[in-house]
Amino acid sequence: VQLQAYGGGLVQAGGSLRLSCVASGINFNLYRMGWYRQAPGKQRELIATCTSGGTTNYADSIEDRFTISRDNAKKSVHLQMNNLKPEDTAVYYCNGVNHSRTHFWGQGTLVTVSS
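Residue numbering for the sequence shown follows our numbering, beginning at 6 and increasing consecutively.
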């Protein structure tokens, strides 16, 4: 099982980034996919989830600036991040969880937002 995340980088405040995560070795349709982030010195935070049917949920902290989407055929999940703020700086992790509460994690991708 592997979740390969990419797309992080350095961006100025107000800019945009799109994170992607590609899964292999799992029946992707059985997993709710999501993105977490962990800022320096803080706990890992769940910020967005998307079920195989396309139902999405977001943390209040992202204030409608982020959009999660998935392509079940390509076993991929994406996070479009707009109007980025310095407080969005964190390592972002792709996550998949099934009905048995089995979690799989990507390796993390660093997003740095400069002011």
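Careful, some of the hints might be misleading.
[Stated by the list, open to error] What follows is a list of derived Cβ distance ranges for each label pair: (1) Gly20 with Ala64: 32 to 42 Å; (2) Glu92 with Gly30: 17 to 27 Å; (3) Asn103 with Arg49: 18 to 28 Å.
[As the list claims (entries may be wrong)] Think about it this way: if two alpha-carbon atoms lie no more than 20 Å apart in a straight line, the pair counts; the simulated EDC-like pairs of lysine to aspartate or glutamate are: (4) Lys79 with Glu50; (5) Lys47 with Asp65; (6) Lys47 with Glu92; (7) Lys80 with Asp65; (8) Lys47 with Asp76; (9) Lys90 with Asp76.
Worth flagging that the hints you see were computed from the coordinates, not collected in a lab. All residues carry an ideal CB built from backbone N, CA and C; glycine is no exception.
Quick rundown of the hints versus the structure:
1. Gly20 with Ala64: 32 to 42 Å: violated (20 Å)
2. Glu92 with Gly30: 17 to 27 Å: Violated: the Cβ-Cβ distance is about 34 Å, outside 17 to 27 Å.
3. Asn103 with Arg49: 18 to 28 Å: holds (19 Å)
4. Lys79 with Glu50: violated (26 Å)
5. Lys47 with Asp65: holds (17 Å)
6. Lys47 with Glu92: holds (12 Å)
7. Lys80 with Asp65: It is violated: about 27 Å lies between the C-alpha atoms, which goes past 20 Å.
8. Lys47 with Asp76: violated (31 Å)
9. Lys90 with Asp76: violated (27 Å)
Taken one by one, the earlier hints fail for this structure at numbers 1, 2, 4, 7, 8, 9, listed in ascending order.
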